[in-house]
Amino acid sequence: MIVILIWLITIIFLRAIFSPRKGKLRLPPSPPALPIIGHMHFLGPILHQSLAKLSNRYGPLLYFYIGSKPCLLVSSQELAKEVFENNESSFLNRPKLANLDYLTYGTADMALAPYGPLWKFMKKLCMSQLLGNRTLDGHHRVRREEMKQFAKIMQEKAETGEAVDIGAELVRLTNNITLKMLLSRYEEEEGSQLQKLVTEMNDLVTTVNLSDYFWFCKSLGLLGFRKRLKDARDRYDILMDKFILEHKEARKNAAGNGRIKDLLDILIDISEDENAEMKFTRDNIKAFATNQFLDVRGRHFSLLPFGSGRRSCPGASLALQVVPTVLGIVIQCFDWKVDGEKGSVNMDEKPGLTLLRAHGLICHPVVRLSPFPSL
Numbered sequence: 008m009i010v011i012l013i014w015l016i017t018i019i020f021l022r023a024i025f026s027p028r029k030g031k032l033r034l035p036p037s038p039p040a041l042p043i044i045g046h047m048h049f050l051g052p053i054l055h056q057s058l059a060k061l062s063n064r065y066g067p068l069l070y071f072y073i074g075s076k077p078c079l080l081v082s083s084q085e086l087a088k089e090v091f092e093n094n095e096s097s098f099l100n101r102p103k104l105a106n107l108d109y110l111t112y113g114t115a116d117m118a119l120a121p122y123g124p125l126w127k128f129m130k131k132l133c134m135s136q137l138l139g140n141r142t143l144d145g146h147h148r149v150r151r152e153e154m155k156q157f158a159k160i161m162q163e164k165a166e167t168g169e170a171v172d173i174g175a176e177l178v179r180l181t182n183n184i185t186l187k188m189l190l191s192r193y194e195e196e197e198g199s200q201l202q203k204l205v206t207e208m209n210d211l212v213t214t215v216n217l218s219d220y221f222w223f224c225k226s227l228g229l230l231g232f233r234k235r236l237k238d239a240r241d242r243y244d245i246l247m248d249k250f251i252l253e254h255k256e257a258r259k260n261a262a263g264n265g266r267i268k269d270l271l272d273i274l275i276d277i278s279e280d281e282n283a284e285m286k287f288t289r290d291n292i293k294a295f296a297t298n299q300f301l302d303v304r305g306r307h308f309s310l311l312p313f314g315s316g317r318r319s320c321p322g323a324s325l326a327l328q329v330v331p332t333v334l335g336i337v338i339q340c341f342d343w344k345v346d347g348e349k350g351s352v353n354m355d356e357k358p359g360l361t362l363l364r365a366h367g368l369i370c371h372p373v374v375r376l377s378p379f380p381s382l
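For the sequence shown, this note's numbering begins at 8 and goes up steadily by one.
Keep in mind the hints are simulated off the structure, nothing from the lab.
As the structure is a computational prediction, the values presented were derived from the model and not from experiment.
A portion of the hints provided could be inaccurate.
With a Cα cut of at most 25 Å, we get these calculated DMTMM-like pairs of lysine to aspartate or glutamate [claimed, not checked]:
1) Lys131 <-> Glu95
2) Lys344 <-> Glu196
3) Lys249 <-> Asp219
4) Lys203 <-> Glu166
5) Lys103 <-> Asp219
6) Lys164 <-> Asp210
7) Lys159 <-> Asp219
8) Lys103 <-> Asp144
9) Lys344 <-> Asp355
10) Lys255 <-> Asp219
11) Lys60 <-> Glu284
12) Lys187 <-> Asp219
13) Lys159 <-> Asp144
14) Lys130 <-> Asp172
15) Lys357 <-> Glu95
16) Lys237 <-> Asp248
17) Lys344 <-> Asp172
18) Lys131 <-> Asp238
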């Protein structure tokens with residue numbers, strides 16, 4: 008242990024001496040930092056709460072370090088507009104993180120690929136084919152059937168007086184729509200397996216990998232993290248390879264029958280197109296499938312649910328066709344009684360890729376309309 012500590016101190020000392028010196032920059036305010044860890048001591052498990060506290064204390068523009076990684080915190084509408092609109096070209100790339108890089112096959116997906124020809128090709132592909140108006144219109148029936156099924160389940164729960172985890176049911180609805188748009192028909196067991204795998208991979212994405220923030224940890228397989236990444240991606244590979252092979256076989260048998268193509272069909276078409284602008288591989292297909300089809304269009308900078316600018320979420324159009332209808336079902340068709348004696352909603356949060364509730368919202372649905380409307 009002593010030898011490792013001496014080695015670590017020596018490496019840090021030598022790095023500090025021989026690192027190239029940069030001219031003094033006019034940087035935003037920065038709180039006091041500690042050696043090695045930078046400003047990590049300011050960050051708690053609920054990251055956005057910690058960042059809000061820093062912003063309240065030091066201002067809406069803050070420069071800080073997580074380990075050896077420099078970060079910029081922007082937390083006002085005016086400065087967000089300055090970043091995403093007036094200086095967008097300086098912020099088009101995404102940070103390179105080892106866990107994300109591995110799970111997306113070397114950033115072979117659109118969300119994390121470096122800004123360049125491949126990203127532009129995938130963005131055009133998303134907007135014109137995968138998530139264009141024609142594709143979304145073609146899958147209108149899928150969305151309608153899944154939302155009808157959601158309303159039916161809520162009605163049945165209301166009739167039996169059974170409590171519902173609203174968050175879990177909404178996640179299930181979203182996953183069902185995404186999977187049916189991606190794969191058309193799938194076995195329920197395999198679909199459930201894919202959903203669990205994607206959830207597991209999302210959890211791995213949000214796990215802090217020390218090698219991303221401390222350069223001296225890059226050669227260390229800490230806490231078995233690399234093994235967990237490999238295990239999850241290997242299982243995902245097996246499942247997606249099976250889906251792709253089955254799709255290719257089904258395409259041969261159903262050639263020219265006029266069926267509506269699902270998203271995997273479109274991705275396979277592009278990978279087989281020898282005249283495509285860019286080479287689109289099986290890894291690109293798998294990386295696309297891992298992405299959750301997460302002013303709304305990024306023009307009002309007080310709230311940015313889909314990001315903003317050229318790298319805003321291409322799934323915004325899909326979300327805008329689903330969310331209002333689901334909200335209408337939840338609000339107009341049912342009243343909700345919170346489960347438990349207190350009848351109060353617990354608003355505690357927990358860490359995650361998105362803002363998550365620490366405790367599920369468990370409620371009893373009560374039908375407001377009789378007879379129940381036919382959707």
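Comparing the hints with the structure gives:
1. Lys131 <-> Glu95: Given that 25 Å is the threshold and the Cα spacing comes to 19 Å, the pair holds.
2. Lys344 <-> Glu196: Judged against 25 Å, a Cα distance of about 32 Å means the pair is violated.
3. Lys249 <-> Asp219: Status violated; Cα separation ~33 Å.
4. Lys203 <-> Glu166: violated, 30 Å
5. Lys103 <-> Asp219: holds, 8 Å
6. Lys164 <-> Asp210: Roughly 30 Å separates the two Cα atoms, so the pair is violated.
7. Lys159 <-> Asp219: violated, 46 Å
8. Lys103 <-> Asp144: violated, 35 Å
9. Lys344 <-> Asp355: Roughly 19 Å between the alpha carbons, so the hint for Lys344 and Asp355 holds.
10. Lys255 <-> Asp219: violated, 38 Å
11. Lys60 <-> Glu284: violated, 47 Å
12. Lys187 <-> Asp219: Roughly 35 Å separates the two Cα atoms, so the pair is violated.
13. Lys159 <-> Asp144: The hint holds at about 23 Å.
14. Lys130 <-> Asp172: Roughly 35 Å separates the two Cα atoms, so the pair is violated.
15. Lys357 <-> Glu95: violated, 31 Å
16. Lys237 <-> Asp248: It holds: about 16 Å lies between the C-alpha atoms, which stays within 25 Å.
17. Lys344 <-> Asp172: Holds, because 12 Å separates the two Cα atoms, which is no more than 25 Å.
18. Lys131 <-> Asp238: Between Lys131 and Asp238 the Cα gap is close to 32 Å, so the pair fails against 25 Å, i.e. violated.
In this structure, the hints that do not hold are numbers 2, 3, 4, 6, 7, 8, 10, 11, 12, 14, 15, 18, in rising order.
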